[in-house]
Structure formats: structure tokens, C-alpha cells
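**Student:** Here are the chains, one letter per residue:
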Amino acid sequence: MKKKFIVVAIVGCAVATSGCTATHLVYAQNSVLGVDVGVGKEGTGKMTLGFDRDTFTIVPLAEEVVDKEGGKRAKDAMSLASTSYVKVDGLNEIIFNHFVATGKSAERVAASRRAIEDAEALVEPTTTTTSTTTTTEAGALSRAVR
Amino acid sequence: MWYQSMNPIACIPLRVLLLVLTTVCGGCAVNRHGFVQVRTANVPGGESIRLRSFGLHLVTWEADAGFTLGWSDRTYVFRGETLPLEPSVGRGKSMERTALDGGGASDLVVILDRRVGLAIDTNARRVGMTIGVRRSASLRLPANFEGTTLLLYDSNHPEEMRIRIKEAP
Numbered sequence: 001m002k003k004k005f006i007v008v009a010i011v012g013c014a015v016a017t018s019g020c021t022a023t024h025l026v027y028a029q030n031s032v033l034g035v036d037v038g039v040g041k042e043g044t045g046k047m048t049l050g051f052d053r054d055t056f057t058i059v060p061l062a063e064e065v066v067d068k069e070g071g072k073r074a075k076d077a078m079s080l081a082s083t084s085y086v087k088v089d090g091l092n093e094i095i096f097n098h099f100v101a102t103g104k105s106a107e108r109v110a111a112s113r114r115a116i117e118d119a120e121a122l123v124e125p126t127t128t129t130t131s132t133t134t135t136t137e138a139g140a141l142s143r144a145v146r
Numbered sequence: 147m148w149y150q151s152m153n154p155i156a157c158i159p160l161r162v163l164l165l166v167l168t169t170v171c172g173g174c175a176v177n178r179h180g181f182v183q184v185r186t187a188n189v190p191g192g193e194s195i196r197l198r199s200f201g202l203h204l205v206t207w208e209a210d211a212g213f214t215l216g217w218s219d220r221t222y223v224f225r226g227e228t229l230p231l232e233p234s235v236g237r238g239k240s241m242e243r244t245a246l247d248g249g250g251a252s253d254l255v256v257i258l259d260r261r262v263g264l265a266i267d268t269n270a271r272r273v274g275m276t277i278g279v280r281r282s283a284s285l286r287l288p289a290n291f292e293g294t295t296l297l298l299y300d301s302n303h304p305e306e307m308r309i310r311i312k313e314a315p
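Chains L and S, in that order, are what the protein sequence lines are. Numbered according to this note's numbering, the first sequence spans residues 1 to 146. Numbered according to this note's numbering, the second sequence spans residues 147 to 315.
Hints were generated in silico from the structure; no laboratory data involved. Note that the coordinates shown come from a computational prediction; the quantities given were computed from them, not determined experimentally. C-beta: ideal position from N, C-alpha, C; glycine also. Any given hint could be a false lead.
[What the hints assert, rightly or not] Some chain S residues close to chain L (C-beta under 8 Å, calculated; not the full set):
id, residue
1, H179
2, D267
3, R271
4, R272
5, T276
6, R280
7, L285
8, P288
9, A289
10, T295
11, D300
[As the list claims (entries may be wrong)] Simulated pairs of lysine to aspartate or glutamate, EDC-like, Cα-Cα distance not exceeding 16 Å:
id, chain 1, residue 1, chain 2, residue 2
12, L, K87, L, E117
13, L, K104, S, D253
14, L, K87, S, D300
15, L, K104, S, E313
16, S, K312, S, D219
17, L, K46, L, D76
18, S, K312, S, E292
19, L, K87, L, E124
Next up, chain L with everything else stripped away, as it sits in the complex (with noise of 0.2 Å):
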């Protein structure tokens, strides 16, 4: 009886999560050793036994547009450029380094070959540990997100 119980509640606990809209971008990296179980609105619902390690990104749904030939409503994804640097090893160590442009800083972004080496530039470790002027954007990525 126990074992059902604790079965429709995580079940519940998943049907209940899995139809909410994302509220906010997310970018994540998670490590497991052991057991782990969880539903939730950031990653997916899942039963972890042993080690297991999952990075992703979730993008959240912009306001609805209007749909050019039916007219109908649509949401769609919002405009975004990244790039990112994610290094783990083992369950200790991390390094976690991110640029995120939303909106119309990422179109501009996007629409520059330079502005995006420049990104990712900016988020290799090599580059982030020496000096306070390796965190600024170089002139291509700086014009980009003005």
C-alpha cells in the first residue's frame, strides 16, 4: 500500500510539473552520484541510480506572435546567442562560464562573425583569469550589444 502511494505521488508530483511554461532561461549543469529522483520545471523528470551528469538549456517561450497566414496566435522561442564553457570533473570541480545576449542584442550579435569569436573569446578560461580587461567586450562584440 505504501508502495503505491509513494508511485501515484511521484507521478502526481510529475503531471503536476510537466505542463508549466519555463519562467526564466536557464542554463544548468547538474552531477549525481547515488540516488536521485525529481520532476521539476528546470530539466526533466527522471530516476537516477548511480552517477549521472546532464548540462542543458532552457529557453522560455517569447509573448505570443500573430501567425502571418492564418492569423492565428503562436508563441515562439526568444532570440538568443551564447556561447558557453562548461568543464567538470568529476563532482568537485567546475567551471561554469557563460555570455548570454537576449532580445535585440542577440540579433545583432548573431549577425556578426567577429562579435561571436569575440564571444567566445570572452568565456574561454585562458582569457578570464589574468586581468580585469579580459571581462570587457572586444570592439566587434562591445558595438554588438551597445
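Given the coordinates of chain L, work out where chain S should sit on it, guided by the hints.
**Tutor:** Below, chain S alone, put in the same frame as chain L:
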């Protein structure tokens, strides 16, 4: 050993007792009060608070609610100069108030945590349970955010963490 001759079922209360004793010896904490080490710091572009505890740690903030029985190390990073710089107690209260706003708190942008033992999450992000070791890192921006964000974090050099958020005008 003496306990090897005992009935396994009879050992359960003993195990529960050991678990409770571990908790009591380790200590209990609720949010940032109790047996928990709290460190607040300015990071370029934001403010951070780090909570480290051993024993039972109950967190009631909506964005990260749950409890851990074991060891936990959590770091929250808030953008901008949202918290008063002095005194340190005041900063903590401001942080708590901001965090209480929960999943909708736009100032809370980074959550880093590492937990060992039994961890149960009942927050806006996740409902679940972990027995073992769990480490997670997340960068979270509101869905309606427009602008750029830069996060640089290395667990080997946490003091060099940087976050810079520039909202589009």
C-alpha cells in the same frame, strides 16, 4: 562484532538512532540561522552569499526550498549592488528578503550547490530526492530579460567569480 548477531530488522531503530545522533552532533540550521557558516561577499557585478552546513539544513526560500541531512554548500549570487554594503547583518537580511521573493526574484541569477547525504528539494525549480552526492550549477535569467550577461566561475577560484549584466535600454 556484537551487532552482527542482531536481527537486521531489530537494527533499524539503531540505525535511526545513529542518524539522529549524527544530526544532533552536526547541528541544525534554518536558512542562514543556526549551525551554518554564512559568508557574504562582493563579486564584480554582484553580491554573493555562501552557506555551508553540516547536519540538518532546512531552506525555506522559494527558489531553493528543501532540506539536507548531511553536508551542504550553497552559493547564491545576486546581480548588481542590490544589497547594502554595511553592516553585514543588514546585507543578510536584504538577501533573505530578496530570496524570499522566490523563483520570480529577478536579482537571483546564479545558484551553486553541492550536497552530500540525504537531500530533498521542494522548490519552484525541482521536486525530488537525492541520496548520495549532488552538485548543481545554474544561471537563471527572467524570461523577459533583454540585454547581455557574462558569468565566469571556476570552482577552484570561487573568489574570482565575475558576473556582469547589462540590460538593454
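**Student:** All hints, please: hold or fail.
**Tutor:** Status of each hint after checking the structure:
The restraint placing H179(S) at the interface with chain L is violated, with a minimum CB-CB distance near 27 Å, outside the 8 Å limit. The interface hint given for D267(S) holds, since its Cβ lies 7 Å from the closest Cβ of chain L, which is under the 8 Å cut-off. Against a cut-off of 8 Å between C-beta atoms, the interface hint on R271(S) holds, since the closest Cβ of chain L lies about 5 Å away. Look at R272(S): its Cβ gets to within about 3 Å of chain L, closer than 8 Å, so that hint holds up.
At its closest, the beta carbon of T276(S) sits 5 Å from a beta carbon of chain L; the interface hint therefore holds under the 8 Å criterion. The closest approach between the C-beta of R280(S) and any C-beta of chain L is roughly 5 Å, which is under the 8 Å cut-off, so the hint is satisfied. Interface hint status for L285(S): upheld, as the beta-carbon distance to the closest one in chain L is roughly 4 Å, under 8 Å. Interface hint at P288(S): satisfied, since its Cβ lies 6 Å from the closest Cβ of chain L, which is below the 8 Å cut-off.
Look at A289(S): its Cβ gets to within about 4 Å of chain L, closer than 8 Å, so that hint holds up. A hinted interface residue such as T295(S) counts as satisfied when its beta carbon comes closer than 8 Å to some beta carbon of chain L; here the least separation is about 4 Å, so the hint holds. A distance limit of 8 Å between C-beta atoms decides the matter here; for D300(S) the minimum to chain L is near 5 Å, and the interface restraint holds. Straight-line distance between C-alpha atoms of K87(L) and E117(L) comes to about 19 Å, which puts the hinted pair past the 16 Å bound.
The suggested pairing of K104(L) with D253(S) is violated, with an alpha-carbon distance near 21 Å, which exceeds 16 Å. With a C-alpha separation of about 9 Å, the suggested pairing of K87(L) with D300(S) holds against the 16 Å cut-off. Of the supplied pair hints, the one linking K104(L) and E313(S) holds, its CA atoms being roughly 11 Å apart against a limit of 16 Å. At most 16 Å may separate the alpha-carbon atoms for a hinted pair to count; K312(S) and D219(S) exceed this at roughly 29 Å.
Between K46(L) and D76(L), the direct Cα distance comes to roughly 27 Å. Violation of the 16 Å bound is thereby established for this hinted pair. Distance hint between K312(S) and E292(S) is fulfilled; the C-alpha atoms sit about 9 Å from each other, no more than 16 Å. Proximity of K87(L) to E124(L) is assessed by CA-CA distance (about 11 Å); at most 16 Å being required, the pair is judged to hold.
When each numbered hint is compared with the structure, violations occur for hints 1, 12, 13, 16, 17.
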